[in-house]
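Chemist: Sequence:
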Amino acid sequence: MPVYNKLVRDFIPQIIEKTGKSFDTRILNDEEYIDALKGKLQEEVNEYLEADNDSDSLEELADVLELIHALARTHRASIEKVEQIRKQKVEKRGGFNEKIFLIEVEDD
Numbered sequence: 001m002p003v004y005n006k007l008v009r010d011f012i013p014q015i016i017e018k019t020g021k022s023f024d025t026r027i028l029n030d031e032e033y034i035d036a037l038k039g040k041l042q043e044e045v046n047e048y049l050e051a052d053n054d055s056d057s058l059e060e061l062a063d064v065l066e067l068i069h070a071l072a073r074t075h076r077a078s079i080e081k082v083e084q085i086r087k088q089k090v091e092k093r094g095g096f097n098e099k100i101f102l103i104e105v106e107d108d
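Following the UniProt record's numbering, the numbering of the sequence shown begins with 1 at its first residue and continues without gaps.
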């Protein structure tokens with residue numbers, strides 16, 4: 001039996017159950033959950049970086065966004081709060097739309 005030891009989406013146990021396969025799960029405590037979310041975020045970011053077409057890239061970005069939603073909740077914040085902070089940063093420092101690549105800055 002393959003061992004996964006990773007965080008999965010909420011409906012995965014029911015999906016596996018429908019196949020008739022046996023499986024084992026457990027509920028993580030808060031600390032384990034945050035660590036697992038961070039690990040899953042890294043996994044999904046890597047999958048995004050390795051995606052070789054727009055469709056796969058968007059699928060992976062959707063997974064990254066779902067993890068950002070979950071991580072915001074672990075900080076007792078809504079995605080709207082994260083979005084508010086993002087907008088404040090854009091207002092103060094801009095976004096990444098102009099494709100500006102900083103090469104160097106003169107040292108004082």
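No wet-lab data here; the hints were simulated from the structure. For clarity, every value in this text was computed on a predicted model and none was experimentally measured. We put the beta carbon where it would ideally sit given N, CA and C, even for glycine. Any given hint could be a false lead.
What the hints assert, rightly or not - Here are the computed distance ranges between Cβ atoms for each label pair:
id	residue 1	residue 2	range
1	Glu-91	Leu-49	27 to 35 Å
2	Lys-6	Asp-107	40 to 48 Å
3	Glu-106	Arg-76	19 to 27 Å
4	Ile-68	Asn-97	34 to 42 Å
5	Asp-107	Ile-12	49 to 57 Å
6	Gly-39	Pro-13	17 to 25 Å
To be verified - With a straight-line cut-off of 27 Å between C-alpha atoms, the simulated DSSO-like cross-links for lysine-lysine are:
id	residue 1	residue 2
7	Lys-18	Lys-6
8	Lys-40	Lys-18
9	Lys-89	Lys-99
10	Lys-81	Lys-40
11	Lys-40	Lys-21
12	Lys-81	Lys-92
13	Lys-40	Lys-89
14	Lys-89	Lys-38
15	Lys-6	Lys-21
16	Lys-38	Lys-87
17	Lys-87	Lys-99
18	Lys-6	Lys-38
Chemist: For every hint, state whether the structure bears it out.
Modeler: How the hints compare with the structure:
1. Glu-91 with Leu-49: 27 to 35 Å: 29 Å, holds
2. Lys-6 with Asp-107: 40 to 48 Å: Distance hint for Lys-6, Asp-107 holds at roughly 45 Å.
3. Glu-106 with Arg-76: 19 to 27 Å: 43 Å, violated
4. Ile-68 with Asn-97: 34 to 42 Å: The hint (34 to 42 Å, Cβ to Cβ) is violated, given that Ile-68 and Asn-97 are roughly 20 Å apart.
5. Asp-107 with Ile-12: 49 to 57 Å: 52 Å, holds
6. Gly-39 with Pro-13: 17 to 25 Å: At 19 Å between Cβs, range holds.
7. Lys-18 with Lys-6: Within the cut-off at roughly 20 Å; holds.
8. Lys-40 with Lys-18: Answer holds: Lys-40 to Lys-18 is near 25 Å, not above 27 Å.
9. Lys-89 with Lys-99: 17 Å, holds
10. Lys-81 with Lys-40: Given that 27 Å is the threshold and the Cα spacing comes to 22 Å, the pair holds.
11. Lys-40 with Lys-21: Measuring from Cα to Cα gives roughly 24 Å; hence the hint holds.
12. Lys-81 with Lys-92: 17 Å, holds
13. Lys-40 with Lys-89: Roughly 26 Å separates the two Cα atoms, so the pair holds.
14. Lys-89 with Lys-38: Status holds; Cα separation ~23 Å.
15. Lys-6 with Lys-21: Status holds; Cα separation ~18 Å.
16. Lys-38 with Lys-87: The hint holds at about 23 Å.
17. Lys-87 with Lys-99: 18 Å, holds
18. Lys-6 with Lys-38: 11 Å, holds
Against the hints set out earlier in the document, violations occur for numbers 3 and 4.
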